[in-house]
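**Student:** Sequence:
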Amino acid sequence: MEEAQRSLLLSSAVRFPPLEGARLSYGTAGFRTDASLLRSTVFRAGILAALRALKTRSVIGLVITASHNKVSDNGVKIADPTGEMLSQDWEPFADSLAAAPSPDHLLKGIIEFAEFEKIEFDGRKVEVLIGRDTRPSGQSLLEAAKLGIGSIIGAVAVDVGILTTPQLHWMVRASNCSTQASEFDYFEQLSRSFRCLMDLILGGSESNEGNDKVVVDGANGVGGEKLLVLKEMLNLKDLEIEVRNSGREGGVLNEGVGADFVQKEKVVPSGFGPQDVGIRCASLDGDADRLVYFTAPSSSSKIELVDGDKILSLFAVFIKEELSILNKEPDASTGDDYQCRIGVVQTAYANGASTDYLKRLGLEVFFTPTGVKYLHQKATQYDIGIYFEANGHGTILFSEPFLRWLDAKNNELSSVAKGSEQQKAALRLLAVSKLINPAVGDALSGMLLVEAILRHKGWSIHRWSELYHDLPSKQLKVKVVDRTAVVTANAETEVVKPPSIQEAINAETGTFAAYDTCCLKAKYPQGRCFIRPSGTEDVIRVYAEASTQDAADSLANSVAKLVDKFLGHGSS
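To convert, take the position in the sequence shown, counting from 1, and add 55; that gives the numbering used here.
Rather than coming from a laboratory, the hints here were simulated on the basis of the structure. Quick caveat: nothing in here was measured; it's all calculated off a predicted structure. This list has only true hints and no planted wrong ones.
Listed below are the simulated EDC-like cross-link pairs for lysine to aspartate or glutamate, each with C-alpha atoms no more than 20 Å apart in a straight line: (1) Lys620 <-> Asp608; (2) Lys532 <-> Glu320; (3) Lys173 <-> Asp144; (4) Lys268 <-> Glu297; (5) Lys489 <-> Asp462; (6) Lys163 <-> Glu58; (7) Lys163 <-> Asp150; (8) Lys110 <-> Glu182.
Could you put the whole structure together from the sequences, leaning on the hints where they help?
**Tutor:** Right, dumping it as structure tokens:
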């Protein structure tokens, strides 16, 4: 590293001393905490992004957001050249950068890592796109990020303004694919592919009041504002999109609104009520990378929630049906069919009823540890990989070989079976591949795909919700002295250290001998329970399912007591 580069790093770093006791860890959400503590970390994340751009010789993204967190929080995360999340190999370096206690330690760590990664400081120009959500702290943190990026010679910070997180990821991917990558191009691709898909759908016969209207909760965040722009570009006549909590009304970001609130509390967000009974409703989170649907209750306080598991199931049903149509040979053969491998990726938090439903469809279901980065990585291994978390974050990935085959299939069918259902199926799948965001979960593109599929099948939200019935579940947290004492395996469903806890959980979840029969009976019918350490706080998370809510509550409470007995000092 040249002396000029060393000097620039040191002179910049002295302006951002780390706060004592504010040690952060880079995870799926990047770095996230109270915004007042973040300037030093965001500055260093800017350095990280610039180094990643030098290493990959590509455009890199940096987004300043805390997603569904309260408005006083903020965060920062990096988007890799493909638009996906920062490579997991670089996460330990991100942690060490953020924790460096002085400018000298920071410089030393950068030099050592650069030598290990063979990063060349040759002054070549590289770009880092910076986006942010609507939080008041965003502007100050933006300036810190710019200074961090600018402390690496050759790195240029490009402020792309206030965006949803998925927009930023999409723009990074598009930039590195040498295609048009502005925010307008994002809107244009979504609106064009959605209109194309709507022109190709069959349009079912089921009627339901409100079936031609969707009311969307924008969480008083950036997603609501962007949806209003997209709505104007769509200019739809047969689907009404009403946006509430767009942020223009003066509401507080994520306060009593948003996908996280709706999914966890199972009540209507602010601005929704009896006037919405029978109408399909959706909710975005603060940075619009999560999506859930719901219907307002007519009497009880609890909504009918249609979460990420059911969004995944809807997408899986549609794609499986389209592939089935596509594989029916027309009168004139078009050659060999592609042996498409579809994979559905879930975490252990997916409701067991959803997993059973997907398996009954004949789909391959794979489980990963909790975190979108794990789900996304596994989904890339399929020709069509579909993943969603119950919280509403997910997408569909199409492999390049499959898309090339699909495009060729469509061209062949246009000659031998133009206008056939088989060709329409090919065109529908091609439209889906352009509508869905391949970089990351995107609530806006996901919502448009849901709307198109519901119209195609003629389903109301109630018919969609009836695909299967969720098993009752319960989640708890148990405070512990050291969460790292728990080590899990098998997609976090089994504790391997200390093994005594897993044995106790097995015994609690297992069977018992009925007094009046010689048979074994399940202690908790359809019972399932696992524990995992939190990634951000010293707690162990407990998840339980069973055939009734009382049984799920009882199982969760029993296992929470076991965790407290072995490791903790009180549950919450």
